[in-house]
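Taking the hints into account, I'd like the entire structure generated from these sequences.
2 protein chains.
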Amino acid sequence: PLCRPDTQEYGQKRFSTAEATVVLRENGKMREKSLTMDTLNPQVKAVEYAVRGPIVTKAGDIERGLQQGQKHPFTEVIKANIGDSHAMGQKPITFLRQVVALCSFPELLDSSSFPEDAKQRARRILQGCGGQSLGSYSASQGVDCIRQDIAVYIEQRDKGVPADWDNIYLTTGASDGIVSILKMLVSGQGRSRSGVMIPIPQYPLYSAAISEMEAVQINYYLDEDNCWALDINELHRAYQAAKEHCHPRVICIINPGNPTGQVQSKKCIEEVLHFAYEENLFVMSDEVYQDNVYSPDCQFHSFKKVLYEMGPEYFNTVELASFHSTSKGYSGECGFRGGYMEVLNLDLEVKAQLVKLLSVRLCPPVSGQAAMDVIVNPPLPHEPSYLQFHKEKRAVLGALAEKAQMTEQILNTVPGIKCNPVQGAMYAFPRIFIPPRAVEEAMSLGISPDMMYCLRLLEETGICLVPGSGFGQREGTYHFSLHTLTLESLKLVFQPLHKLLVNKL
Amino acid sequence: PLCRPDTQEYGQKRFSTAEATVVLRENGKMREKSLTMDTLNPQVKAVEYAVRGPIVTKAGDIERGLQQGQKHPFTEVIKANIGDSHAMGQKPITFLRQVVALCSFPELLDSSSFPEDAKQRARRILQGCGGQSLGSYSASQGVDCIRQDIAVYIEQRDKGVPADWDNIYLTTGASDGIVSILKMLVSGQGRSRSGVMIPIPQYPLYSAAISEMEAVQINYYLDEDNCWALDINELHRAYQAAKEHCHPRVICIINPGNPTGQVQSKKCIEEVLHFAYEENLFVMSDEVYQDNVYSPDCQFHSFKKVLYEMGPEYFNTVELASFHSTSKGYSGECGFRGGYMEVLNLDLEVKAQLVKLLSVRLCPPVSGQAAMDVIVNPPLPHEPSYLQFHKEKRAVLGALAEKAQMTEQILNTVPGIKCNPVQGAMYAFPRIFIPPRAVEEAMSLGISPDMMYCLRLLEETGICLVPGSGFGQREGTYHFSLHTLTLESLKLVFQPLHKLLVNKL
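As they're listed, the protein sequences go chains A and B.
If you use the UniProt record's numbering, the first sequence corresponds to residues 1 to 505, in order.
If you use the UniProt record's numbering, the second sequence corresponds to residues 1 to 505, in order.
One should not assume that every hint holds.
[To be verified] Mimicking DSS-like on lysine-lysine, the simulated pairs with C-alpha atoms at most 25 angstroms apart in a straight line are:
1. B/Lys33 to A/Lys351
2. B/Lys45 to A/Lys356
3. A/Lys58 to B/Lys351
4. A/Lys351 to B/Lys45
5. A/Lys119 to B/Lys91
Quick caveat, the hints were computed from the structure, so don't treat them as lab data.
Structure representation (C-alpha cells):
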C-alpha cells in the first residue's frame with residue numbers, strides 16, 4: 001500500500017534537477033545558501049559526539065553496502081559503539097511492556113490476558129493523565145503520581161533517606177536532564193565563565209553540551225592504574241589549575257562509570273562531596289547504571305545517600321542533581337526516552353526558573369514516563385507478575401555480569417591490550433599499545449592512532465568500536481570503547497585480528 | 001502497595017529540617033548556594049513562556065485549593081491556555097493507539113482482537129527498529145521506513161511534488177525541530193548577530209528559544225483588521241528596520257496561525273517566499289495545524305508546494321524547514337511527543353552538522369515516531385480499519401470546526417470583545433477593549449491590563465486564559481488567547497462575566 005504516487009500527474013510543472021540547473025544557468029543567477037559552514041553557529045560546529053561519530057557513519061555505509069551485495073571480509077557489521085541492549089537482542093521486560101500497552105490502548109484493561117497488577121499500574125498512571133490519556137501533555141515536571149512513585153523508590157533504595165517528590169523531574173532520557181541543569185549553570189565571560197569539571201574518560205554528551213553552551217571544560221583524569229578510580233588529589237589539581245582561567249561551578253560524576261565501568265567506593269564519594277561542599281560546587285551525579293553493578297566486592301552508593309550520612313550540614317546545603325533513565329539497568333528501554341532527575345537544595349527562585357525552562361518543551365514523552373514508573377514500582381511479592389518479572393530481571397543482569405567478566409578476560413588474553421575489571425555499567429575501555437611505526441603512520445595521515453586502529457578493525461572484521469580519543473584519554477595513551485553486549489561476536493575475531501593488526505602496523 | 005516505607009528504620013541518622021537548622025546554627029556555618037538568581041544563566045532568566053506562565057501556575061494553585069475544599073465562586077478550573085485535546089476530553093484515534101500498543105507489546109500481534117492493517121503497520125515499524133524493539137535507539141534522524149512513509153505522505157499532500165526521505169527528520173514534537181534549526185542559524189555578535197523574524201502575535205516557543213539563544217527577535221505584525229493576514233509590506237518594514245542593528249537570517253511563519261487562527265492564502269505565501277529568496281533568508285514554516293482548516297473559503301497550502309510551483313529557481317535554492325506534529329490535527333497526541341521536519345536545500349556540510357547535533361540527544365521517542373507513522377500512513381479504502389478511522393477523524397475535525405465557529409460568534413456577542421474568524425488551528429485571539437480607568441489601575445499595580453483581566457477572570461470564574469501580552473500585540477491593544485476546545489464551558493459564563501468585569505473595572 002506504500003508505493004509512491006504517480007508524480008507525473010503534476011505535469012510540466014515538474015523539473016528534474018538537471019533541467020533546473022539549465023534553467024538557472026540561462027537565468028545566469030543562482031541564489032546563495034543562507035546557511036553554510038561559514039555562517040553556521042560556531043558552537044554547533046564545535047560539538048563532537050564520538051558515539052555516533054564518523055566511524056559509526058562509516059559502519060552504516062558498509063552495512064548498506066553489504067545489503068547491496070558488496071564484498072567484505074565479513075558478513076555483518078557488529079555495532080559495539082553504544083549501549084543499545086534491545087538492538088543487541090536483549091528482550092524487553094514483559095511487565096513493563098504490558099503496562100505501556102495498557103496505557104496506550106486502555107480497551108485492553110478489559111482483556112483477561114493481562115495480569116491484574118499490570119492493569120492496576122496502568123489505571124493509576126492514566127488517572128494521573130489529563131483526560132486519562134497518554135496523549136495529553138503532562139505537567140512539565142512529569143505526571144504527579146509517577147513523581148511520587150519515584151520518591152518512594154529512592155527512599156527504599158537509600159534505606160529510608162527522605163525523598164520529596166517535589167524535587168523529582170521526569171526527563172526525556174537522562175541526557176535531557178543533564179543538559180537542562182548545565183544550561184542553568186553556564187554564565188559569565190572570560191575568566192568568570194562557568195567551568196564544568198568532568199571525568200576523563202567521559203561520556204561525550206558532557207563535552208558536547210559544554211561546547212554547545214560555550215562553557216569551559218575542566219578535565220579530571222580517572223586513575224587507569226587503579227581501576228579508573230577517582231582520585232581526590234586529581235580533583236584538587238584540576239580545580240586549582242582551572243581557577244586561573246575560569247569559574248569552576250559544577251562537578252559531574254558518572255557512577256558506575258561510562259565508558260570506564262568502575263564503581264565508586266563510599267569513601268571516594270564522601271571525598272567528592274566534601275570537596276564540592278568546600279569549593280561551593282554544584283554536584284551532578286549521573287547514576288543511570290545504578291542497577292548495573294557486577295563485581296561482588298563493589299556496591300552502588302547513591303551520592304544522595306552518602307550526602308545524607310555526612311549529616312545535615314551537607315545534606316541540607318549541597319546542591320545535588322542525580323540522574324536515572326529507562327535506557328540502561330535491566331530494562332534497556334532506550335527508545336522510550338524515559339528518565340528522571342532528583343534535584344536537592346535548589347534555591348527556590350532558581351527552582352521556578354528550572355520549571356519555566358522545562359515548560360518550554362512542554363513535557364517529556366508520557367509513554368517514557370510510564371516506562372519509568374514500572375522500573376521504580378515493580379511487582380511486589382504478593383502480586384501475580386512478581387515471579388516472572390524477577391526471573392526476567394535476574395536473567396538480564398546475570399547475562400550482563402557474565403559478559404562484563406568475560407569481556408575483561410578475553411581482552412586481557414590479547415597481546416597489546418590491557419583491560420581493567422568491568423565492575424559495572426555496560427562498557428570496557430581497554431588500553432591498546434600501538435607500535436611507534438603505526439603511531440607515526442596515523443600522524444602522517446592526520447588521524448589519531450586509535451582512530452586508525454578502529455577504522456582498520458571495522459574494515460577487516462566489521463566490528464564498530466569508538467576510539468578512546470572520542471572520550472578523552474591521557475596524552476600518549478590509546479584506548480577504544482566497546483559495549484560488552486557484543487561479546488560473543490567479538491570473541492570469534494578479536495584475538496586473531498589484533499595480532500594481524502599489530503603485525504601489519 | 002505504594003505506601004511510603006518506614007523511614008524511622010534509618011534511626012538517629014534522620015534529621016528534620018528544623019533540627020538541621022539548629023545543628024547548623026550551632027556550627028555557626030551555612031554553605032551558600034552555588035546557584036542563585038544572581039549566578040543563574042541570564043539567557044535562562046530571559047526566557048518567557050506565557051502558555052505555562054504565572055496565570056497557569058495560579059490556576060493550578062486554585063485547582064489544588066478546590067480539591068482541598070477551598071471555596072470559590074466556581075467548582076472547577078477550566079484550562080483554556082493550551083491546545084491539549086485529550087485533556088479536554090477528545091478521544092484518541094483507535095487505529096493509532098492499536099498500532100502503538102502492538103508495537104509496545106508485540107505478543108498482541110497474535111491476538112485476534114486487533115485488525116490486520118494495524119498489525120501490518122506495527123510489523124513494518126518493528127522491522128525498522130533495532131532488534132525489532134521499540135526499546136532500541138533509532139537513528140538520530142528517525143526510523144528509516146517511517147521517514148519513507150512521511151515522504152510519501154508529503155508527495156500525496158502536495159499533489160506529487162517530489163519529497164526525498166533523506167530530507168525528513170523525526171523530532172520530539174515540533175518544538176524540538178524548531179529549536180534545532182534555530183540553533184544552527186544563530187551566530188555573530190553585535191550588529192552581525194542573527195535576527196529571527198517572527199509574527200506578532202506568535203506562539204511563545206519562538207520568543208523563548210530566541211531569548212535562550214541570545215538571538216535578535218524581529219517582530220512583524222499580523223494585520224488584525226484583515227483577519228490576522230500577513231502583509232508583505234510589513235515584512236519589508238520589519239526587515240529594513242532590523243538590518244540597522246542585526247543580521248536578519250531567518251523568517252518564521254505559523255500557518256495556520258497560532259494563536260491567531262488565520263489560514264494564509266497562496267498569494268501571500270508566494271510573496272513571503274519571494275521575499276525570503278530576495279533577502280536570502282532561511283524559511284521556517286510551522287505547519288502543525290495543516291489538518292485544522294475550518295473556513296470553507298480557506299485551504300491549506302504547504303510552503304513547500306508553493307515554492308515548487310514558483311519554479312526551480314526557487315524550489316532548488318530556497319532553504320525551507322517545515323514542521324509537523326502528532327499533537328494537533330485530528331489525533332491530538334501531545335503526550336507522545338512525535339513530530340517531523342522536512343528540510344530543503346540544506347548545504348550538504350551543514351546537513352552533516354545537523355545530524356551530528358541531533359545525534360547528541362540520540363533519537364526522538366520511538367513510540368512518538370510510531371504515532372507519527374500512523375498519521376502519515378492511515379488505513380486505505382480496502383483495509384479493515386478504513387471506515388472507523390475516517391468516522392473518528394471526521395467526528396473530531398467536525399467538532400473542532402463547529403467549536404471554532406461558535407467561539408467566534410459567542411465572543412463577538414460580548415460587548416467589549418472583538419474576535420476575528422477562526423479559520424484554522426485551535427485558538428481564538430480576541431481583542432478586548434479595557435476601560436481607561438482599568439488600564440490605569442493595572443499600570444498602578446505594575447501588571448499589564450490584559451493580565452489583570454485574565455487574573456480577575458480566573459478568580460471570578462475559574463477560566464484560565466493567557467493574556468495577549470504573552471504572545472505579543474500592538475502597543476495599546478489588549479487580547480487574550482483561548483483554546484476553542486473549552487467552548488461549552490465558556491459559553492455558560494463568558495457574557496455575564498465580561499459585563500461584570502467591565503462594570504467593575
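Cross-check of the supplied hints:
1. B/Lys33 to A/Lys351: 12 angstroms, holds
2. B/Lys45 to A/Lys356: 9 angstroms, holds
3. A/Lys58 to B/Lys351: Within the cut-off at roughly 16 angstroms; holds.
4. A/Lys351 to B/Lys45: Roughly 12 angstroms separates the two Cα atoms, so the pair holds.
5. A/Lys119 to B/Lys91: 20 angstroms, holds
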